[in-house]
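Engineer: These are the residues of each chain, in order.
2 protein chains.
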Amino acid sequence: MVKIGILGVGTVGTSVAKILQENADIIEARAGRSIIAKSGVVKNLSKKRDVSILLSDNPLDVVNDPEIDIVVELMGGVEEPYQLVKQALSNGKAVVTANKALLAYHRYELQELAGDTPLMYEASTAGGIPIIGALRTGLSANHVESMQGIMNGTCNYMLTKMINEGAQYDAILKEAQELGYAEADPTFDVGGFDASHKLLILASIAYGIDAKPEDILIEGIENITQTDVAFAKEFGYEIKLLGIAKKVGEGVELRVHATMIPQESMIAKVDGVMNAVTVIGDRVGETMYYGPGAGGDATASAVISDIVDIVRGNHGPMLGYKKGLESRLKLLPKEEIVTQYYLRLEVADQSGVLAEVTSTLGEFGISIEAMLQKPTADESIAKLLFTTHKCKESQMQEAITALGRLAVVQGEIAMMRIEK
Amino acid sequence: MVKIGILGVGTVGTSVAKILQENADIIEARAGRSIIAKSGVVKNLSKKRDVSILLSDNPLDVVNDPEIDIVVELMGGVEEPYQLVKQALSNGKAVVTANKALLAYHRYELQELAGDTPLMYEASTAGGIPIIGALRTGLSANHVESMQGIMNGTCNYMLTKMINEGAQYDAILKEAQELGYAEADPTFDVGGFDASHKLLILASIAYGIDAKPEDILIEGIENITQTDVAFAKEFGYEIKLLGIAKKVGEGVELRVHATMIPQESMIAKVDGVMNAVTVIGDRVGETMYYGPGAGGDATASAVISDIVDIVRGNHGPMLGYKKGLESRLKLLPKEEIVTQYYLRLEVADQSGVLAEVTSTLGEFGISIEAMLQKPTADESIAKLLFTTHKCKESQMQEAITALGRLAVVQGEIAMMRIEK
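Chains V and U supply the protein sequences, listed in that same order.
Counting in the numbering used here, the first sequence runs from -19 upward without gaps.
Counting in the numbering used here, the second sequence runs from -19 upward without gaps.
Just chain V, same shape as in the assembly (with noise of 0.2 Å):
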């Protein structure tokens, strides 16, 4: 019999008490052995909570406890979980973990403290869809030549209610607040940020990439509008919070931004809180992953299958690899991503604004592939929607900056980015 001991028993962690018994039978009968929570840990001892198992406030009863076999850390943050997971791994319990910022953070230093004790972390990225074991084992003969995902359902749920059904940005925060899909300071979510852990930990496995939060490019959906949404349908194009990673010669683009994406890609079509990964093999093509990326019970399903894994004895290295993973690859610098860019910007309504937008972006090497422009309440101001050709990041970062001091134009300009 196995035993498992829980780090925090929140919603996620009450599931994987529920599912270990409520489905032991299927679990044992996949596993080859019975595997049963025993204990767990949780900050407040006099919450009343709807498991049957042994509970203290104490993580070191877990994780210096002989008996426990696996350890399943679920408390969130960074630090402390880092501790006590490098404790567990010391005492020589496995671990499994759902807790992205962990890795986001820590994991080429855990993969080294792990050795050959199993350290798994399916359930940290896109919830239950199991977007790890491809990665790590069913795309194995591959290199990666790119990755997209929708990684947070609460910016998905977002852009899907803005684009569907008209709604305005602040409205449907408000919404997904009261719906329990946004925090009360939404910015983790709607700012990126959640996003970019979970591509971090991504971007790993396949390109064996070190970097953390703060080296790549991280926007959120904060200043999309409207205009933005019925410029998008216009041109054939879905508007999602993507997480990017890109093989480009020797470096790799890591990226998390709003994205105009053509309607007809399978990823456009991911709708609502679900969440996706399409991952772009040299060898097999394009395939894609969908499912739902949070919940207690399918993050439970995404635990219970690496518990199910270490069990069997099938856990193999933490990142999927020993060494050496396409060891000449460096992470690209952000003002080297290259791609094609949406603008916006308000304009004075006047002969010659538009040749003096365009040679500024021209001074920059920039050229234009598709323009609208459109009328605004106000009779003198006028809006100018447009997308470009390929540009470098900073070639376009310069160009706003001088478009920002032209007398012509009015207010702030906004940017987003495509992919096709």
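Read the hints as simulated data drawn from the structure, not as lab findings.
In this text the structure is predicted, and so the values were computed from the model without any measurement.
Mixed in with the good hints, there may be bad ones.
Given that identical chains are not distinguished, each listed pair holds provided it fits within a single copy or across any two copies.
[Stated by the list, open to error] Capping the alpha-carbon separation at 25 Å, the derived lysine-lysine pairs in DSS-like fashion look like this:
(1) K(-17) <-> K28
(2) K303 <-> K(-17)
(3) K314 <-> K372
(4) K302 <-> K(-17)
(5) K(-2) <-> K303
(6) K249 <-> K400
(7) K141 <-> K249
(8) K213 <-> K249
(9) K302 <-> K(-2)
(10) K141 <-> K400
(11) K154 <-> K372
(12) K400 <-> K213
Given the coordinates of chain V, assemble chain U onto it according to the supplied hints.
Structural biologist: Below, chain U without anything else, positioned relative to chain V:
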């Protein structure tokens, strides 16, 4: 160094040998050891081939070669590869097969024979999509409630063309044959037999159901017309050839047939030669796996993922469990399947016909959900198209026989099943 022998060096076998060579760096990093294709077996040695491995026309040169660690079986057929795989296993060699027919008939004997020797088959189902891994591993915490798979690219290509471009069945079959997507005798694909083999493999992992192709309901796409396509569009459906597995109480429905499914479902959005499998688990909810279902490199990607897993020591039991998986579940007899139906009849265009048809259906306990009557070029004949509420397959089959006996019903009655 791990040495591979390949039985059948055709398109896929050639890709396996090439990828092992060309992606040797990343495959070694992931597997932890270097892997080389040593030798292969072909029928005709005089045919020129684009691989640099030893070739023989005697399978025993691979199967009995003490230097070969893993035998890759890509021959096709059933009995010859079965004998060779048995021989390889009894020689202690690990086996990787892409042979769906072999598994459709002998997967349980092979699981028994293999014991702890690895026998893997990711490439047998849905080509490059790691669906076997997802079911065996990623969803192991779940009772599988149902699965729906687009697992035959030929049919999906043809149906996509019929729906998006209004192509007629015969014309598009000819085109598919010219493009190499369909065989000269297309029955194995368009008749649903290919998909049935794959469905049986998935059903073994999910439910432990031991059935053979002749035990389950298999229909193809041969009778679909533009009339059906127009009806489907009008009522919000796509038409797909689906392999369907569904747990109903202690029975499991297994069936392959053209199916009307809601346009907004994710699997309805899978177009062209691409494959996809949706799996609904009792805990994770809906997940979907999308990618290329055929092609040398895509299939070889799956074959090599198995090889890497074997080298890592991560193979586990062949079907994902040792014994007792969902042991009370039984294959539901075809007649017991419950679903909604679409019917197309040609009837005499005269008063009272509708009453006669609906009362005949009523005699078998079948009620109508939606209906469309269309004139035909022949003024004396009308087309009656309708969908029914749920009923048993046996009720529907009897009702069709009775409808066929009505004097007002002219010619053949076409039927399609609906899944919502």
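Engineer: What label fits K141 with K249 when the C-alpha limit is 25 Å: within, between, both, or neither?
Structural biologist: Both: 13 Å inside a copy, 20 Å across copies.
Engineer: Checking an output row: K(-17) and K28, CA cutoff 25 Å. Within, between, both or neither?
Structural biologist: So K(-17) and K28 pass the 25 Å test inside one copy only (23 Å; across, 58 Å).
Engineer: Quick one: K249 to K400, C-alpha cut-off 25 Å, is that within a copy, between copies, both, or neither?
Structural biologist: both (14 Å within a copy, 18 Å between copies)
Engineer: How would you classify K314 and K372 at a CA-CA limit of 25 Å: within, between, both, or neither?
Structural biologist: within (9 Å within a copy, 60 Å between copies)
Engineer: For K302 and K(-2), with the copy left unspecified, which applies at a CA distance of at most 25 Å: within, between, both, or neither?
Structural biologist: For K302 and K(-2), only the inter-copy Cα distance (23 Å) is at most 25 Å; the intra-copy one is 35 Å.
Engineer: One pair to classify: K302 and K(-17), alpha carbons no more than 25 Å apart. Within, between, both, or neither?
Structural biologist: between (28 Å within a copy, 20 Å between copies)
Engineer: Could you figure out if K303 and K(-17) sit no more than 25 Å apart (CA to CA) within one copy, between two copies, both or neither?
Structural biologist: between (32 Å within a copy, 22 Å between copies)
Engineer: Given identical chains, is K154 near K372, meaning Cα to Cα at most 25 Å, within a copy, between copies, both, or neither?
Structural biologist: This pair counts as neither: shortest intra-copy Cα distance 36 Å, inter-copy 46 Å.
Engineer: Reference check for the pair K141 and K400, CA-CA at most 25 Å: within, between, both, or neither?
Structural biologist: For K141 and K400, both the intra-copy (23 Å) and inter-copy (23 Å) Cα distances are at most 25 Å.
Engineer: State whether the alpha carbon distance between K(-2) and K303 is at most 25 Å within one copy, between copies, both, or neither.
Structural biologist: Classified as between; 23 Å across copies, 38 Å inside a copy.
Engineer: Is it within, between, both, or neither for K400 and K213, if the alpha carbons may be no more than 25 Å apart?
Structural biologist: within (15 Å within a copy, 28 Å between copies)
Engineer: Can you tell me if K213 and K249 fall within 25 Å by alpha carbon in one copy, between copies, both or neither?
Structural biologist: Both ways: K213 and K249 sit 14 Å apart in one copy and 19 Å across, limit 25 Å.
Going through the hint list in order, the structure does not satisfy hint 11, though it satisfies all others.
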